[in-house]
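Which chain is which? The protein sequence lines are A, B, C, D and E, in order.
Under the numbering used here, think of the first position of the first sequence as 714, with each following residue one higher.
Under the numbering used here, think of the first position of the second sequence as -4, with each following residue one higher.
Under the numbering used here, think of the first position of the third sequence as -4, with each following residue one higher.
Under the numbering used here, think of the first position of the fourth sequence as 5, with each following residue one higher.
Under the numbering used here, think of the first position of the fifth sequence as 7, with each following residue one higher.
Read the hints as simulated data drawn from the structure, not as lab findings.
Don't take every hint at face value.
[Claimed, not checked] Each computed PhoX-like pair below joins lysine-lysine, with the alpha-carbon atoms no more than 25 Å apart: (1) A:K947 / A:K963; (2) B:K227 / C:K227; (3) D:K186 / B:K23.
Each chain, letter by letter, is given below.
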Amino acid sequence: TPGTATTTTITISNPANVSNVPLHLAIDKGYFAAEGLTVKADVDLGSGSTVEAVVGGQVDMAWSNVVSGLSAYAKGLGIRLVALTDTAVTGSQQVLVSKNSKARGLGDLKGQKVAVLSPSTICILNVRSGLKAQGLPADTVQFTPVAPPEHANVLDSGEVAATCTSDPFRTLMIDRLGARPIYDTSSGELSGYAVGGYLVSEKFAAANPKALAGFRRALLKATAYANANPAEVKAALPEFTTIEAGVAGKVIVNTYLETADPVALRPQVQRIADAMVTYGLADKPIDVSGYFVPNAS
Amino acid sequence: MTALQVRNLSKTYGEGHAALHNLSFEVKEGELLSIVGPSGCGKTTLLKCVAGLIPATRGEVSVHGREVTGVPDGLAVVFQDYGRSLFPWMKVGANIAFPLETSRLPKAEIRERVEHSLAAVGLEGKAERYPWQLSGGMQQRVAIARALAYRPQVLLMDEPFASVDAQTRSGLEDLTRRVHLEFGMTIMFVTHDIDESVYLADRLIVLRRSPGSVLAELVIELPRVRDQIATKSLPAFVRQRSEVAQHIKDAS
Amino acid sequence: MTALQVRNLSKTYGEGHAALHNLSFEVKEGELLSIVGPSGCGKTTLLKCVAGLIPATRGEVSVHGREVTGVPDGLAVVFQDYGRSLFPWMKVGANIAFPLETSRLPKAEIRERVEHSLAAVGLEGKAERYPWQLSGGMQQRVAIARALAYRPQVLLMDEPFASVDAQTRSGLEDLTRRVHLEFGMTIMFVTHDIDESVYLADRLIVLRRSPGSVLAELVIELPRVRDQIATKSLPAFVRQRSEVAQHIKDAS
Amino acid sequence: MSGGAHMAVPAAKGRPARLAVRLGPILLALLLWQWAALAAGSPFFPPPARIAARMAELWFSEPLLTERFWLDAGPSVLRALAGWLAGAAAGVAVGLVAGQWTAAAGYVDPPVNFLRSLPKPAIVPVFLLVFGSGDLMRIGLITFGCAWPVLLNTMQGVRSVDPMYRETARAFHIPTRTQLVKVVIPAALPKIIAGMRVTLSLSLILMVLSEWLLADHGLGHFLINAQRTFEILDVWAAIVLLGLIGYLLNVLFLAAERRVLRSRPA
Amino acid sequence: MNAPVTTTGVRTEPRRTGERRRPSRGAAGAFLRGTAGAAVLTLAFEAFARLELVDARLLPPATVILPEALRLLTEPAFLVEVWATLVAVLGGVAVAAAIAVPLGVLIGSYRLAALGLTPIIDSLRSVPGIAIIPLLVLVMGQGLQMKVTIVAFVALWPLLFNTVYGVRSVDPVALETARSFRVPLLRTWWRVVLPSALPLMLTGLRLALATGLTVGIAAEIAVGTQDGIGYFILRPSYAGFRADTVFAAVTLAGVLGYVLNWVTVAGAARLVAWDGKGPS
Ligand SMILES: Nc1ncnc2c1ncn2[C@@H]1O[C@H](COP(=O)(O)OP(=O)(O)OP(=O)(O)O)[C@@H](O)[C@H]1O
Ligand SMILES: Nc1ncnc2c1ncn2[C@@H]1O[C@H](COP(=O)(O)OP(=O)(O)OP(=O)(O)O)[C@@H](O)[C@H]1O
Ligand SMILES: [Mg+2]
Ligand SMILES: [Mg+2]
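Whenever a hint applies, use it, and build me the whole structure from the sequences.
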């Protein structure tokens, strides 16, 4: 059973996105097996409940974006970060306007609504930092959470002036609807931000230090492989995500993080935590020093 | 003139349960026809067919020369199952006034008719009660009052006095004769009481049991204006009474 | 022995509508008591109080010496509103068998009783019909059959023959006398038919109208075993019949 | 409709006793909850006392209600009620027609049963595309969801009207319209009301669902936002507030129901 | 439905439909009428979609959705998901019925029970099922157990209220009859109260099934479970611009609801054949 020291099986709930390709590569290539781990990855389609499932012990581990994870951590829910997966590159997430929109930049969206995928997304930090860079107040635009599949709907029907969208929807909306990017979220103050990573519960971390260390090693190996073979990443996408082969070729693939020591990642995460305070996603400073699962070996 | 004509009427319920078979008779304008027959012989069925409430299986019914498809104009019914024919959500007064409300009668006239007909059935001052606050016999009288207040040209009554005591019953019988004569109302009166059927009727039909059809028809030889004591001791009454009784014995 | 005792019974519905006032009488074991009175005088109310279906406002009722709080053991009621007291979702046979099912009677015995009592009320072969497929009078007879099949020690009947024809009615009256004598059944019989009340009763009570109380009490002086023709022509019958009629005139 | 079926039960006598019966169980439930939450100690299941404190802070301080209360709950409740009323009206109207005319029911039945089985979250986008993201779409969605229970109950109620009532009405030449208003509806009323009671709370639930998308205020927005940002206490506060509103609406509804059904046999 | 009223003020008989006019009985007539109704709905939707107020790739017309739905019907992968949803829905409704019927009889029969339990019930049922999904996930994960629970939670209320109102509208004379024969309480409930309340309870069941189905699928969408129709809707929608498949699956969910309802109605027809014939 999960949560005991002898566990070698780890169940993971992960969304079907680009960030999780190395995880699946590691499974397919037997890297986890080599560490004596059985990893079961359940593809989770855009639910908001993965953190709850981790805390409740229904799954051992879940992928979450950094801002969501941090905000759960800051609320004292007893979760820990095992590893970060990737960092954003240009084009991985953009603010899109519709074909007929006259907007050229963030400033033109004044007083309008932007669809984001959740109320705790890095996009809000990025857009607000972008606004600040142009000398505009943070409340120039309003954010409204919309599930990514609906981004095309709300933009097309004019319910929002812009959407902050990642791949594959970003590619699809540009391709099919003629949507136009006006801002790239990796362009500002947080450029190269970490996108997300794997969370476990405090209890699980304490009980399974060895297994988690093994997990990290295997994942690191897969990460290196992925960075070295971008073509294979794109080929793997249609297999475990919902992305169709035709689109997968055009998808922007992030840079996977090849860091063995999680502590080295602390500045990366602290930077986002600080930005959350600056841009109003957290009401008090978050100290991320206790956030990481320490390396056991 | 013929007020009501029934020709070769048959009625079969569901699959093959015949209730009426090839019934023919007519009622003249302003006539009071009694219908007697054993329980279950099809009296209620006949009445509902005449009222156009249920469709005949075969044959036809016409009222004032027009074939009955729906409920004919100017016709009212007093149902046997009075308890269920009063609307429990309306007070007694409202129950009586209800059929009148769709007419163009002025409010005051409606109110007067309600009071009048309630008084006629001996229920003065009960207009503000609900039907379920009345005794069985009182409910039955409310149903009668409703039909009377409606002033129909043709009135069908299905065992209307079954639940009232002898004294009230006599009063209601006389009331029936009175409205019949006063308004020239054509009345079809279903009963299982032989005395009552003879006392009330201008003409009388005895139905035979299963499937119901006409066994006998009598023209009642009594004066138009009748009296409970005097009329019932007339030799004609006594004779026709036992004649009907004999027929009913044959009918069962 | 006293089967049923009513002492100073009063019943007031809702706010101050008195239906019964200070009523006292008793019924001896194996006696048949008729209750007559004008419509609305409180007969049904009295019967429901005796059956423990509605609570008395004042006074008390006891059956076989035990005060009535709920429905006493071994008691059955035939309701005036027969149409609604039959369960429309049960066939006639099931309606009659229903009260027997909780007894420990074997299935065969129940079936036999159902058939027997149906036959007794002249409804052989109707067990598989639904109540709403029967005529009014037939429904009423089903309700009677149900009570008979139950074989109660005390039977309360509320105008049970109101909707049946004279002939059937005579048959049912004789049936009532028969079960009364055969099973020594104590019966309280509410009716508004004077002939019937006298013909059936061992003793008779006339109720006065509003609020109901006892106006007169008669011991009927007729032989135990009766006959529709012979008994009704006895001088005692004729005398007591008109005595009751006079009382009822006073009662209204 | 104090209920034909109330079987010889001594009704609670007097006001204090009634109050005790009314409040006793819910107080007991609250105590149990408080105890269980404290015993469990999970961050996801805060004790009711803390939830109450948070609710007071959010909505019930200042003189009586905070400005925030009107912002969060006001428009939401109005939307829910508007949708509820519209849905009930539509349900009663169609239900009457379908119940009264068997032929009409034949036409209406399949589309109705198809439509009411559509998963609501999946059709929100359709509503969005058709009605936009304003109140029209939200009220439309609530109406859409609330109409079905009322419709079905109305239909069932109309169909089981005692046939004697209809026959009586027909025998007295009551025009069809009057028959509907004065006979069929009153006879079916208890069942129609049952349907409306079911949908009253449903309207709140649909309100929350409708506010998940593109709303910038309202309880649904508050709830989903709290949930996504792991403000567990706020989630609970919103849930309890919804329960409270639902309870209050039902109290009003029951009072109205008692008035409407006052004249039924007891 | 308007009664023709002649100018002289003489009331004429409003045309009655149904009674005289031979109702086209039987399955064939019903099927034809039903098909006609469905066709009208389809055409209306088609016309709306063809107006192109909305991009056809986001809201495809019926002529695109229906063939896709037919294709899905022949796809075993889809049928497996239908089964998964069905199990959760039927399980949940069964649990709900097991709670709602006894509770409803209790509340419908006893004023005290109604008085004491109504506050709790009315508060509980205003809680949106979807709002408590994360809490349920916490306790029971994202699988069948969670789905059954959430379905049971939402299906409970229509069943409960229809039972309560059904029990309350039992004819008092019928109850007096049962009491007069000293029929024991439980038996009275079983043989008198429940049959009389049955038509309304069956309506509750139909509501519960539809609500359970929509919420079951909603839960599948909301938590991103691994199976069920919701999953089948979610997957193409996350692939982007697969509105045809999404709406085909949504349509089939509606069809499933229709079938469930039809089965209930057909099953109920015999049970409540007496309804609308006699009193109560
Ligand atoms: N709805 C129905 N379905 C099937 N059979 C019916 C229906 N209504 C009446 N019947 C049958 O038709 C026959 C005639 O019934 P009807 O009610 O006309 O008799 P009736 O002469 O009025 O008797 P009563 O004097 O007892 O009221 C009876 O045998 C009855 O069982
Ligand atoms: N539920 C009730 N609520 C209020 N008043 C009632 C109720 N039931 C009966 N009454 C009244 O009590 C009185 C007696 O009624 P009851 O039914 O006992 O009369 P009854 O003697 O049986 O008359 P009938 O011969 O007409 O059946 C009547 O005046 C009636 O209006
Ligand atoms: Mg009859
Ligand atoms: Mg009576």
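Checking each numbered hint in turn, tell me which of them this model violates, lowest number first.
Hint 3 contradicted; others consistent.
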